[in-house]
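Novice: So the protein sequences, as listed, match chains A and B. So for the first sequence, numbering that gives the first Met the number 0 puts the first residue at 0; every next one is plus one. So for the second sequence, numbering that gives the first Met the number 0 puts the first residue at 0; every next one is plus one.
Simulated from the structure, these hints should not be mistaken for lab results. Quantities reported herein were computed from a predicted structural model and do not represent experimental measurements. Take the hints with a grain of salt, since some may be wrong.
As the list claims (entries may be wrong) - Capping the alpha-carbon separation at 25 angstroms, the derived lysine-lysine pairs in DSS-like fashion look like this:
| id | chain 1 | residue 1 | chain 2 | residue 2 |
| --- | --- | --- | --- | --- |
| 1 | B | Lys173 | A | Lys81 |
| 2 | B | Lys103 | B | Lys143 |
| 3 | B | Lys167 | B | Lys74 |
| 4 | B | Lys74 | B | Lys103 |
| 5 | B | Lys162 | B | Lys74 |
| 6 | A | Lys63 | A | Lys97 |
| 7 | A | Lys81 | B | Lys170 |
| 8 | A | Lys89 | B | Lys74 |
| 9 | A | Lys81 | B | Lys162 |
| 10 | A | Lys97 | B | Lys167 |
| 11 | B | Lys162 | A | Lys89 |
| 12 | A | Lys97 | B | Lys74 |
| 13 | B | Lys162 | B | Lys173 |
| 14 | A | Lys97 | B | Lys103 |
| 15 | B | Lys74 | A | Lys63 |
| 16 | A | Lys89 | B | Lys170 |
| 17 | B | Lys167 | B | Lys103 |
| 18 | A | Lys89 | B | Lys173 |
| 19 | B | Lys167 | A | Lys81 |
| 20 | B | Lys170 | B | Lys74 |
| 21 | B | Lys143 | A | Lys112 |
| 22 | B | Lys103 | B | Lys146 |
| 23 | B | Lys74 | A | Lys81 |
| 24 | A | Lys97 | B | Lys162 |
| 25 | B | Lys146 | A | Lys97 |
| 26 | B | Lys103 | B | Lys162 |
| 27 | A | Lys112 | B | Lys146 |
| 28 | B | Lys167 | A | Lys89 |
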Amino acid sequence: MSEEQLVTDASSLSPWQRHRFVVLIGLTIVISIFLVGVALALYASSGAAQLDLSRPGYTSVRDKAVRSDTFEGFSASGSVDKGTLDDFRKLYADQAEKATNFDSFGGDVMSDKTLSIDAPTK
Amino acid sequence: MKRFLIFSIAMVVVATGTALGHSLLVRADSPMTETQIQRIRENCVEAQSTLYQLHASDALLRVNRGQLYETMSTKLMEPFDSRLTLNSYDASGLVTVAADYDAKLTEFRVDYQQYEEAMSRTLAINCTNQPVAFYDSVADTRSKRTKVHDATLVLHQLIGDYKDAFEKFAKDFKETDK
Numbered sequence: 000m001s002e003e004q005l006v007t008d009a010s011s012l013s014p015w016q017r018h019r020f021v022v023l024i025g026l027t028i029v030i031s032i033f034l035v036g037v038a039l040a041l042y043a044s045s046g047a048a049q050l051d052l053s054r055p056g057y058t059s060v061r062d063k064a065v066r067s068d069t070f071e072g073f074s075a076s077g078s079v080d081k082g083t084l085d086d087f088r089k090l091y092a093d094q095a096e097k098a099t100n101f102d103s104f105g106g107d108v109m110s111d112k113t114l115s116i117d118a119p120t121k
Numbered sequence: 000m001k002r003f004l005i006f007s008i009a010m011v012v013v014a015t016g017t018a019l020g021h022s023l024l025v026r027a028d029s030p031m032t033e034t035q036i037q038r039i040r041e042n043c044v045e046a047q048s049t050l051y052q053l054h055a056s057d058a059l060l061r062v063n064r065g066q067l068y069e070t071m072s073t074k075l076m077e078p079f080d081s082r083l084t085l086n087s088y089d090a091s092g093l094v095t096v097a098a099d100y101d102a103k104l105t106e107f108r109v110d111y112q113q114y115e116e117a118m119s120r121t122l123a124i125n126c127t128n129q130p131v132a133f134y135d136s137v138a139d140t141r142s143k144r145t146k147v148h149d150a151t152l153v154l155h156q157l158i159g160d161y162k163d164a165f166e167k168f169a170k171d172f173k174e175t176d177k
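Looking at chain A on its own, in the form it has when it is part of the complex (with noise of 0.2 angstroms):
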């Protein structure tokens, strides 16, 4: 095919036909976009956004938190005997003990006297 003829098939092709490959990468980049903004949205909405300490401002934390859970819990399969019930309480009473043995968001921390912005004593 000489390069007159492609020249002629391609003043023959209609708008669309002539850019439809730079609208099919515009499509594709403003769907990306929308997926994205929709996924933002989940990770927001969902709660995931404050658990997820690869966020800045976390850093100094970040080590400290517990990466897996080993506790592997109560088979919910089997026979119910004295020995089940011995077993589940010693297991739930440790765990009780981790999950309970710590006043959490409690204290005075956030008080007016102890970031300072409370009303000057006279």
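Fit chain B to the given chain A structure using the hints.
Specialist: Using the frame of chain A, we list chain B on its own:
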């Protein structure tokens, strides 16, 4: 018709009066003097630094504590209740506590999310330029943090309740086993 008109006007006057009175009372509860505003302006950068640290340590607490609270439900309460049910035992007492626990755990997650969002808003405020907005935002964040704390206390209570329900079941089991 005239009576209805008078009644309507009276209602509007009462409603407006109530609204105005309430806003005045709220303002009267927390009067902020120029001296306090100045004090906030002077100390708020340091306060924000403290809040940054608290924000990070609370996030860690949420991850680690949250994991423990989840474990109590998914790896202990639920499997144990299932096992009792599969073996045709009456686990209704335990199931009720476990359901309450799950509901409270959901509340804890939502409360923490709201607290964290409030804290992020507080940290984003330019407190030197907006000391009053900063003060109000700290108060809002504080109340949300208190809600999270209250939710953890209820979770601890429910963990104890489940233990009591378990001991009751174990006692009944022992008696029927004799």
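Novice: Against the structure, test the hints numbered earlier, and report the numbers of the ones violated in rising order.
Specialist: none
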